[in-house]
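Asker: If you want the building blocks of each chain, they are given just below.
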Amino acid sequence: CQTSEVFKQGYVVDQTALDLTPVGSSREQVLLSLGTPSTTATFDNEVFYYVSQKRVRSAMFLKPRLVEQSVLAVYFDEEGTVKQIANYTLQDGRVFDMISRTTPTGGLDKSFLAQMLAGAGSQEATGAAVARSIFGGGQ
Amino acid sequence: AGIVVTGAGVATLAGVTIAEAAVVNRVEVRGNSRVDASTVRGNLTIKPGASFTNNDIDESVKRLFSTGLFSDVQISVSGSTLVVTVAENQIINQVVFNGNKKLKDVALKGVVQSRQLGPYNDQIIQADVQAIRDAYAAIGRSDAVVNTRVVPVEGGRVNLAFEINEGDRTKISTINFVGNQAFGDGRLADVISTKRSNMLSFLTRKDVYDEDKLRADEELLRRFYYNRGYADFRVISSFAELDEASNEYVVTITVEEGERYVFGDVSIESTVPGIDSDSLRNMIETRSGAVYSAEKVEDTILAISDHVATQGYPFATITPRGDRDFTNRTISVTYLVDEGTRAYVERIEIRGNTRTRDYVIRREFDLSEGDAFNQVLVRRAKKRLEKLNFFSSVDITTQPGSQPDRVILVVDVKDQPTGEFGVGGGYSNNDGFTATVDITERNFLGRGQFIRASVGGGNDSREYTVSFTEPYFLGYRLAAGFDVFKKTDRSYTGFEEDTQGINLRIGAPITENLYLSTAFKYSETSYNDYVLNSATIPSAPELAAVSRTVANGGHQIGALSYTLSYNTLDDQKLPREGISARITQEYAGLGFDSEYLKTTAKASYFHMLSEQADMIGQVTVGAGNVVATGDDLRVFDHLFVGQETIRGFDTRGIGPRMYDPVAARYVGAAGGTTYFNGTVEVSAPMPALSRDLGLRFNVFADAATLYGNEISTADKGGQRLDGNDMEWRASVGFGITWASPFGPLRVYYAEPVAKQDFDEVKKFGFGASTRF
Amino acid sequence: CQSDQDIDITAYAQSVEPADVLYNQGLANLQAGQLTEASRKFEAIDKQHPYSEFARKAMVMNAFANYRQGQYTEAINTASRYLSLYPNDEDAAYAQYIVGLSYYRQIPEVTRDQRTSQRAIAAFTEVIERYPDSEYVEDSQAKLRYARDQLAGKEMQVGRYYLERKEYVAAANRFRQVVETYPNTRQIEEALARLVETYYAMGLESEAQTAAAVLGHNYPDSQWYADSYKLLKTKGLEPRENKGSWISRAGARLVGA
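First to last, the sequence lines map onto chains A, B and C.
Residue 1 is where the first sequence starts when you use the numbering used here, and the numbers rise one by one after that.
Residue 1001 is where the second sequence starts when you use the numbering used here, and the numbers rise one by one after that.
Residue 2001 is where the third sequence starts when you use the numbering used here, and the numbers rise one by one after that.
So that you can see chain A by itself, here it is in the shape it has in the complex:
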């Protein structure tokens, strides 16, 4: 029985729309026919990136494997007309290990016991300065 599933993710490429935006067409034309880009590369939209990926998951418990990726890059010149259109595929990508280190963040992370008791433990406030200012101004 057919256990594998195919996921087409990201931008849904539409060939007819693509033909409507040759080199030289304006930014509005590109936005109209291709739609909002997956991500852009400049503040003033100097490059539009339309990214679509295809993944295959041969069984429900496996991670979907990236089998196809196409990045449609639409470059604009200063006047905002399409200067060049490039297409990057999976082969252009690189495979490497992400940096595992992460920047520390704060916030409460209740220990298991605290969660079980789920009591609103009274955390001691550090606002010593606050207390002083009150008593000062209290009377």
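Any given hint could be a false lead.
Straight-line distance between alpha carbons at most 30 Å, and here's what the computed DSS-like set of lysine-lysine pairs gives [as the list claims (entries may be wrong)]:
hint: 1; chain 1: B; residue 1: Lys1383; chain 2: B; residue 2: Lys1213
hint: 2; chain 1: B; residue 1: Lys1383; chain 2: A; residue 2: Lys63
hint: 3; chain 1: A; residue 1: Lys54; chain 2: B; residue 2: Lys1383
DEER-style ranges, computed between Cβ atoms [what the hints assert, rightly or not]:
hint: 4; chain 1: B; residue 1: Asp1632; chain 2: A; residue 2: Gln2; range: 42 to 50 Å
hint: 5; chain 1: B; residue 1: Asn1389; chain 2: A; residue 2: Glu5; range: 23 to 31 Å
hint: 6; chain 1: B; residue 1: Thr1252; chain 2: C; residue 2: Val2016; range: 58 to 66 Å
hint: 7; chain 1: A; residue 1: Pro22; chain 2: C; residue 2: Glu2238; range: 53 to 61 Å
hint: 8; chain 1: B; residue 1: Leu1117; chain 2: C; residue 2: Glu2129; range: 25 to 33 Å
hint: 9; chain 1: B; residue 1: Ser1402; chain 2: A; residue 2: Ala17; range: 18 to 26 Å
hint: 10; chain 1: B; residue 1: Asn1389; chain 2: A; residue 2: Val6; range: 23 to 31 Å
hint: 11; chain 1: A; residue 1: Lys63; chain 2: B; residue 2: Ser1402; range: 26 to 34 Å
hint: 12; chain 1: B; residue 1: Asp1614; chain 2: A; residue 2: Ala17; range: 49 to 57 Å
hint: 13; chain 1: C; residue 1: Glu2037; chain 2: B; residue 2: Ser1173; range: 52 to 60 Å
hint: 14; chain 1: B; residue 1: Ser1402; chain 2: C; residue 2: Val2016; range: 55 to 63 Å
None of these hints come from the bench; they were simulated from the model.
Remember, predicted model here, so these are calculated numbers, not experimental data.
Beta carbons are placed, not taken as given, at the ideal position from N, Cα and C, and that holds for glycine.
Start from chain A and add chains B and C according to the hints.
Answerer: Chains B and C in isolation, oriented as in the chain A frame:
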């Protein structure tokens, strides 16, 4: 001359004209006894020395009223002094509710506006009285009487009491339907949620008359008729009259059924290139000629859009067009498939997760940010999140994104306590009264992990287990975990079996319905205080097995096993449609004592026989086989069949049995190497009782056989092995199950119709388990 | 389910103590650390002498006592009630500060719903904007930065989740959100480094180089820059600022900020 702004009760502002911005250098407050002058000044927008205009005055009056302290506020300017004259409201010191039983104080406090420290004001009090009466009407007591008592307390404050006389329950005496031919009154009464009062309605509260509930019932009737071909069905009127004397409602619903329609011709048209319509033909559930059903049309639309979405057309929309032929009463349906608006998911916002971590929720989505908005994947994610059972509610809504073709998916979850300290009790006749105490945490540290420690026991067994499961082992959707267990069991006559071990397991979903789990199980069995009480005679094979174990200091089993299960049941607790099948194979050996390959399989098919009577048919078939892969099988490694497979017989009640010629009686089941079993069962709700009690009766027929015992002649000692050939046993019976608020209860009576004379019979079975 | 017993309201008289006595008792308890007792005294003033001058002072003291006990919801309710009754009073700044602190204390760790951080940010912003010369502005600003860093931390956490699964568009947009909305938080360095990783993995080398250049430009001795530099080096690339790209413009803003 002073300019006076008056306002009594509601701040109605008389027209005040000041030539231009005026200035005062002093603000004088008059008429306040309890309220401090600085409090009044604090709420004025007019400050001495600063200029002020008309709307400053309006604003100040409005603000002073909003504090609720004053019944009247007058602001006037005389010379350079602003004079603010106030009349103080009395303040409520204490609000009390007397005579209320059905609605607790907390509920009533939420309904009334008067509250502690709030103003004492007649208009508010009248509104509160009406609010309380409405609250009582909502729970079915429309003749409740409410009046108030006020007692002054010094310092200008008062205590306020609402004296309530709740009256008794307003019942619904009769519900009658007018104009229905196709379906009887009884049948329609089952469809709507408003019910006639019966002896249990104080528990179910279904007989409380409520206007919107009646409107909702009209919708239920419409759906019921639309799904059975009556496309022109109309509810002409529905109303309830209250008979004051008997405090009971009579509900009358008048309907017009109209003609019954069947489907004309059914077709699909697709305007989307790449989707050809006939490939979708088998998705259609609305066959021409079949009775018209709105639900079937909706199911078809869902099936087509699901199919089309997974083919990579997430934006395709399907709209049905029905055209009716009044003469020969057919409706032909055309499904139009066309390109919908393109929308991409910009962000997935997860909210409300105070305990569960973000990635535990996000990983249930097969859809990520930047992908096309695909309703199918969103629905699948919602189902998965609900199945996690970490949340009391899961709602996925969309909000407009930063661009017209962008949408933000908002996932609102409400964490529910997933830690349980459970005490379970139960009684079943194979091990008598059982009790378990356990601590379970289904969402350990919000990581989705499951841990459980439990102590359980019956009158002759104790069991301790500790379990842990990580649902996403190494980032895969693999449920990996372990169970450590220790069990002492005295159910064998004469000695205490002590087993402990560990079970390492990994489970993996293959598709939405197919699940594969594999496990390695190691267990050690030993026997202590191996003393024989005189009354019983142990079966020779058991004695042989025990003495061998005692001789070589314990019996170790190392077994690799896998289970493939397939489940398409529509509801796990009370399945009406679907198949649940599983096959398990366990290979024991790996250099340990027991060496066998045990295979067991079971498949059940559920089918709704009659939707009207909610009658469910179930057919189950099972089989099992064990074959020795080393030296011959121990008696304990054999398969045993009894009450849990064929009702009407005791535990280990059927199959080969040892006979002791000296004592001239049978001394214990010897098990077999192969068994087959089958069950046919029909269940339906108890007649005459309303369905929401959860009481169902069932009629069943079981059949089973167990044979092929392979105990070595040496182990048989002097005893004789009987019944080792394939003899079918069968039984018929009936039972009652009750999904009670305390947990499922079941009881049955089964009469064996085909048995061997040495089988152990037990005609009456009872089982209950509660968790609280 | 026993029902609440009926109360005879006539007997429900309440002993009334003078407000100032109650107030001083409350302060004494507060100083002695008897927070619950202090709260009870302040609440008594509010009940027996509602809306009096002492009631006003007692309300803000009660808010502080609740906060010290960790009863954050009560502290927020009492302080907010004070703010609605006495919006421009000399203790209003302090009441608003208490609201901020109460939310601040409940900020959960980044993998959880960060609405409390947003509420803390809103409350502290109120302190800074409405009471600019109050003594709590400085501490409010510090805690505001911490809360914003939490929001940035959440974006990073989700971004890393998507980068691990090679969902590059989702990851890039999340890291971009940090660079554009939370540039002055500690997460900015890692955000730029992750953008280098994301673009590099997609094969968009010029973007990767620009991101690395901006990172190096603003945080030359950061460990993240060293990692990004090493990553680009594996393909013989140099961090090179492509002037027009949004990142260099963002970078310029960083330097300017």
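Asker: Each hint should be assessed against the structure and marked as holding or not.
Answerer: Structure-based check of each hint:
Taking the CA atoms of Lys1383(B) and Lys1213(B), the gap is about 28 Å. The hint holds against a cut of 30 Å. For the hint pairing Lys1383(B) with Lys63(A), the CA-to-CA distance comes to about 20 Å; that is within 30 Å, so the pair holds. Straight-line distance between C-alpha atoms of Lys54(A) and Lys1383(B) comes to about 24 Å, which keeps the hinted pair within the 30 Å bound. Between Asp1632(B) and Gln2(A) the beta carbon distance is about 44 Å. The supplied range of 42 to 50 Å therefore holds.
For the hinted restraint 23 to 31 Å between Asn1389(B) and Glu5(A), the CB-CB distance of approximately 25 Å keeps it satisfied. A C-beta distance of roughly 60 Å is found between Thr1252(B) and Val2016(C), which places it inside the suggested range of 58 to 66 Å. Taking 53 to 61 Å as the suggested C-beta distance range, the pair Pro22(A) and Glu2238(C) does not conform, at roughly 34 Å. Distance hint check: the CB atoms of Leu1117(B) and Glu2129(C) are about 30 Å apart, consistent with the given range 25 to 33 Å.
Between Ser1402(B) and Ala17(A) the Cβ separation comes to about 21 Å, which falls inside the hinted range of 18 to 26 Å. For Asn1389(B) and Val6(A), the Cβ-Cβ distance of about 30 Å falls inside the hinted range of 23 to 31 Å, so the restraint holds. The hinted window of 26 to 34 Å between Lys63(A) and Ser1402(B) holds, with their beta carbons roughly 30 Å apart. As the Cβ distance of Asp1614(B) to Ala17(A) is approximately 52 Å, the hint placing it in 49 to 57 Å holds.
For Glu2037(C) paired with Ser1173(B), a C-beta distance near 59 Å keeps the hint of 52 to 60 Å intact. Distance hint check for Ser1402(B) and Val2016(C): the Cβ-Cβ separation is about 59 Å, which falls inside the suggested range of 55 to 63 Å.
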